[in-house]
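Q: Okay, here's what each chain looks like letter by letter:
There are 2 protein chains.
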Amino acid sequence: MKAAGIDVLLLAKPANMFYLTGDGRLCAYAMVSQDGKVALGVPTTDVEDVRRLARFDRIVGFEDEVGMIHSIAHSFEQFGIREGVVGLEYTFLTQSMLGMLTHPHGKPEKVRVADCTHILSELRMVKEAGELERIGAAAKVGEAGMKAAVEAVKPGLTESQIAAEAEYAMRQAGAEGFWRTYVSSGPRTNIAHGLPSHRRLIPGDLVMIDLHPIVNGYSADMCRTVCIGRPTAGQQAAFDLYLRAQQATIARVRAGVGMVELEETMHAPLKTAGHGEHIFGPPIHGVGIEFEEAPLPPGHAFFHGEKAPPPLPANVVLAVGNCGLYAGPWGVRVEDTVVVGSEGPLVLTNYPRSLGTQPAREGTRR
Amino acid sequence: MKAAGIDVLLLAKPANMFYLTGDGRLCAYAMVSQDGKVALGVPTTDVEDVRRLARFDRIVGFEDEVGMIHSIAHSFEQFGIREGVVGLEYTFLTQSMLGMLTHPHGKPEKVRVADCTHILSELRMVKEAGELERIGAAAKVGEAGMKAAVEAVKPGLTESQIAAEAEYAMRQAGAEGFWRTYVSSGPRTNIAHGLPSHRRLIPGDLVMIDLHPIVNGYSADMCRTVCIGRPTAGQQAAFDLYLRAQQATIARVRAGVGMVELEETMHAPLKTAGHGEHIFGPPIHGVGIEFEEAPLPPGHAFFHGEKAPPPLPANVVLAVGNCGLYAGPWGVRVEDTVVVGSEGPLVLTNYPRSLGTQPAREGTRR
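Protein chains in written order, with our numbering: chain A, 1 to 366; chain B, 1001 to 1366.
Isolated chain A (complex conformation) (with noise of 0.2 Å):
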C-alpha cells in the first residue's frame, strides 16, 4: 500500500475480503488500514455471525444503503482518516457502487479514490500451504463431478442435465458451491462460453464439460471434451494436436517461466495448423479464490484492469488450457489446474484427456 500511494483499502469484492479477513460476503465492505487494522460493514442481521467466523478491530451493523455510507463515515473517522488516498477495487465496482463507497456523507472530502486492484492481486498470485490444500480438494472434488458428468453423457439427455449430474456429485464430494458450469454439445462446442441450453445429445456429438468446484472457499478449473460413439478423423485430430499444445505448455509451468512463454507455447502449434481465428480469451490464467484470477497473459491483464504479470515464483496456481480450438462445426478444450512447482508442474486436476468414446445408446434419468 505505502509503494501504491494508498493509505487505506475500502473493499466490497467478497474474494479480496475472504482473502485478507476470512469473510467475504455479499452487501459488506472491509476497510483496511496500513498497519492492519480492518474494520468491517455487513447487514446488521449478520453481526452475530461475523463475530463468530473471525476477528476484527470493529464490526458495525447496517440496515439499508444510507446505513452504510454513514458506517463508512465512522469507519473512516474511527481511524483517523481524513486526507490522503483510499483504495477501490475497479476491476469489481459498477458505476453504481463506486457511487455508494466515495459518497459525500461517507468519504470524506480530501481523500482521493485511487484503483487498489493490483496489490491485491499480487497478494492473492502466491499461494501459501493452506490455500494449496484447498485447491488441491477443489480439484479432487472436480474430478468427481467430471467423473459423474462423463459418465452421463448419453443420446437423449440434455446439456443441462448433464451439469446436474456434475454439480451434484462435486457437492457431495465436499463443495460449498460452483462458479458457472459451462455443457455444450454438439455445434455449441464451438462457441466460447457454452452455458448448459436444453439442447438434447445426439450420437456423434462432441460434448464440452468445464467445472469450477468451490472447496473452503478455493476453486479449481477442469473442462474436459468427449465424443458420443467414435469421433471423425478430423475431431481426432484436432483433439491430439490441442492436447499436445496443453501438455507441452504445462511441462514448461515451473518457477521463472513467464506467462507470454506459456502463452506462445499454447498458441504456437494452433495458429501453425491454421487456426489463428478459433481460439478465444486467455490460453492460461491465475486460479485461487476464483476460478479466473490473477495472473493472467498481459495483454489480457492490461484491459482486464490487472498488471502484466513478473516471472512466475513459485506456488502460483495456473488453469492451462482456456483458449479452446474452435474449428467449427464443433470445438475442443482440455483444462486443467497446475501449481507452479520450483522444478516443474504439479497437476492437480488428473481425471483422464481422452475423446474417448462414450456409449452411443439412449441415456435414462437414473
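There could be a bad hint or two in this list.
Listed next, with one range per pair, are the computed distances between beta-carbon atoms [to be verified]:
{"#": "1", "chain 1": "A", "residue 1": "Arg-252", "chain 2": "B", "residue 2": "Gly-1080", "range": "20 to 30 Å"}
{"#": "2", "chain 1": "A", "residue 1": "Leu-53", "chain 2": "B", "residue 2": "Ala-1273", "range": "21 to 31 Å"}
{"#": "3", "chain 1": "B", "residue 1": "Arg-1051", "chain 2": "A", "residue 2": "Gly-274", "range": "17 to 27 Å"}
{"#": "4", "chain 1": "B", "residue 1": "Ala-1273", "chain 2": "A", "residue 2": "Gly-67", "range": "17 to 27 Å"}
{"#": "5", "chain 1": "B", "residue 1": "Glu-1261", "chain 2": "A", "residue 2": "Arg-52", "range": "32 to 42 Å"}
The set of hints was computed from the structure by calculation and includes no laboratory data.
No residue lacks a Cβ here, since even glycine has one placed at the ideal position from N, Cα and C.
Given the structure of chain A, go ahead and fit chain B onto it with the hints provided.
A: Same frame as chain A, now just chain B:
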C-alpha cells in the same frame, strides 16, 4: 432513448442484450440505434451460433480485447455516429469494462456517455404474455426444486447437500440454470445471504431455502423456511407473524399499487412487533430475466442506480417477502413470485408455506 437524450445504446449486460436482441452472452456487446438497428459484437468463434439464434443488422467477431475495441469503432462508423450521446449500463459496468467500451480507439472523441440503466429497466419491467409464460414455467421448476430440498432435510446432511437436491431437481424439471442457491440452517438462518456451507443439520434447526431457477432465460424467486422436528413457540410465532405480513402484502398486489405501499404493508407488522432492526434488504423487488431486478422500492432504487418506480402497471412481476425476519439466533423468510394483475395478485410459486415438521431422524445420501 429520445426522451433521455441518448442517441445510441452500447450494451454489455447479458440480461439487457437478451431482452432487446434475443441473444445475451458473455464477452459481447450490442449497439442499438434509435431507429432499431442492432450491431452485435461477439467472440469470432461464436459468430455462426449467433447467426443461427437471432437476426441482426450486423454481426462482428473479435479475437481479443483490442479487436473488440476496433469493432466498436467500426460499429459507430457504420451507424454514422460521430457525436451525440451513447448510453452505457452504469449499474453493470466495472471501471475496467467502462474503460474498454469508451476506449479512445473505439468511441469517437465527440461522443459523450450517459447512464442508460433506467431505459432498459422501464422496458423490461412490464412483461409480455410470452415472458409471463416463461416466468410461470420457472416457478413450476422452483416448486419441484423446493419439494426435493424440503424432503431431503434431515439431520446429518450438510447445507450444501440440501442445495444439491434442489439444483438437481430444478435441472431435471427443465431449468437450463439457476442463480445462486441459498441454504442456511440453525444460527446461519440469521444472516441475510445464506450461501450453503458444510454445516450439518441437527434436530431443532430451522432451514432456509431460497431458489432462483432459470427457464428459457426467465427466472422465479421462492424462499421457504422449515424446521427439523418441532419448532419452539418463539420460532412458530415469528414464522406466523412473517407469513401474515407477506400474505397481507401479496393481497395488495394489483395494478396501480405503489412499491412504497407494498413495502410498508410488509414492514409495518414486523416493526410494530419490535423487529425493526431484524430485517434486511428490499422486501419486494422485480423478477424477470434476472431474479432480482427493477422495480425496487424508491430508497433501494436510488442507490442501485435505478429510478423510483411508478404505480405498478399490470404484468409487472414481483418477489414478495425478501426482507426476512432475523430475530436471532435464527431467522425466518418466506418469499413468492407474484404477477401484478389488473384485479389482484396471481401467485406463481405455490409450494406450501409451513414451518412444518421435518422428521428428526438421521438422513442418508440417496
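Q: Now tell me, hint by hint, if it's right for this structure.
A: Hint check:
{"no.": "1", "hint": "Arg-252(A) x Gly-1080(B): 20 to 30 Å", "in the structure": "violated (49 Å)"}
{"no.": "2", "hint": "Leu-53(A) x Ala-1273(B): 21 to 31 Å", "in the structure": "holds (29 Å)"}
{"no.": "3", "hint": "Arg-1051(B) x Gly-274(A): 17 to 27 Å", "in the structure": "holds (22 Å)"}
{"no.": "4", "hint": "Ala-1273(B) x Gly-67(A): 17 to 27 Å", "in the structure": "holds (21 Å)"}
{"no.": "5", "hint": "Glu-1261(B) x Arg-52(A): 32 to 42 Å", "in the structure": "holds (38 Å)"}
The structure fails hint 1 only (numbered hints given earlier).
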